[in-house]
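A.B. asks: Numbering (this note's numbering), first residue to last: 1 to 78.
No wet-lab data here; the hints were simulated from the structure. Be careful, since some hints might not be right.
Distance condition first, Cα-Cα at most 25 Å in a straight line; then the derived DSS-like pairs of lysine-lysine [unchecked claim]: (1) Lys-27 with Lys-60; (2) Lys-60 with Lys-74; (3) Lys-27 with Lys-74.
As the structure is a computational prediction, the values presented were derived from the model and not from experiment.
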Amino acid sequence: MSVNGDNGLLRMRELAQQSGVSAGTIKHYLREGLLPDPVRTSRNMAWYPPEFVERIRLIKQLQEERFMPLRAIKTVLD
């Protein structure tokens with residue numbers, strides 16, 4: 001694991017594995033403003049705090065159990 005990984009930050013692949021959603025879904029959530037901006041170390045490299053795992057799980061839960069659209073979820077999370 002890299003220096004950034006040693007301080008608890010996750011790579012996209014790790015975030016996807018731990019949260020149970022695809023990288024594409026995470027990128028969509030980022031574009032929709034459901035997740036804060038990650039820590040970017042270069043144009044194509046970003047690190048994600050471990051808190052994102054629970055936030056992503058909450059988004060999926062609200063979608064699946066409450067049938068909430070992403071726009072409504074964003075309002076709830078903001």
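A.B. asks: Taking 25 Å as the top limit, are the C-alpha atoms of Lys-27 and Lys-60 close enough?
C.D. replies: OK: Lys-27 and Lys-60 at ~14 Å, within 25 Å.
A.B. asks: Starting from Lys-27, check that the Cα of Lys-74 is at most 25 Å away, please.
C.D. replies: holds, 15 Å
A.B. asks: Is the hinted pair Lys-60 and Lys-74 satisfied, with a Cα-Cα distance of at most 25 Å?
C.D. replies: Holds. Lys-60 to Lys-74 sits at ~12 Å (cutoff 25 Å).
Checked against the numbered hints given earlier, this structure breaks none of them.
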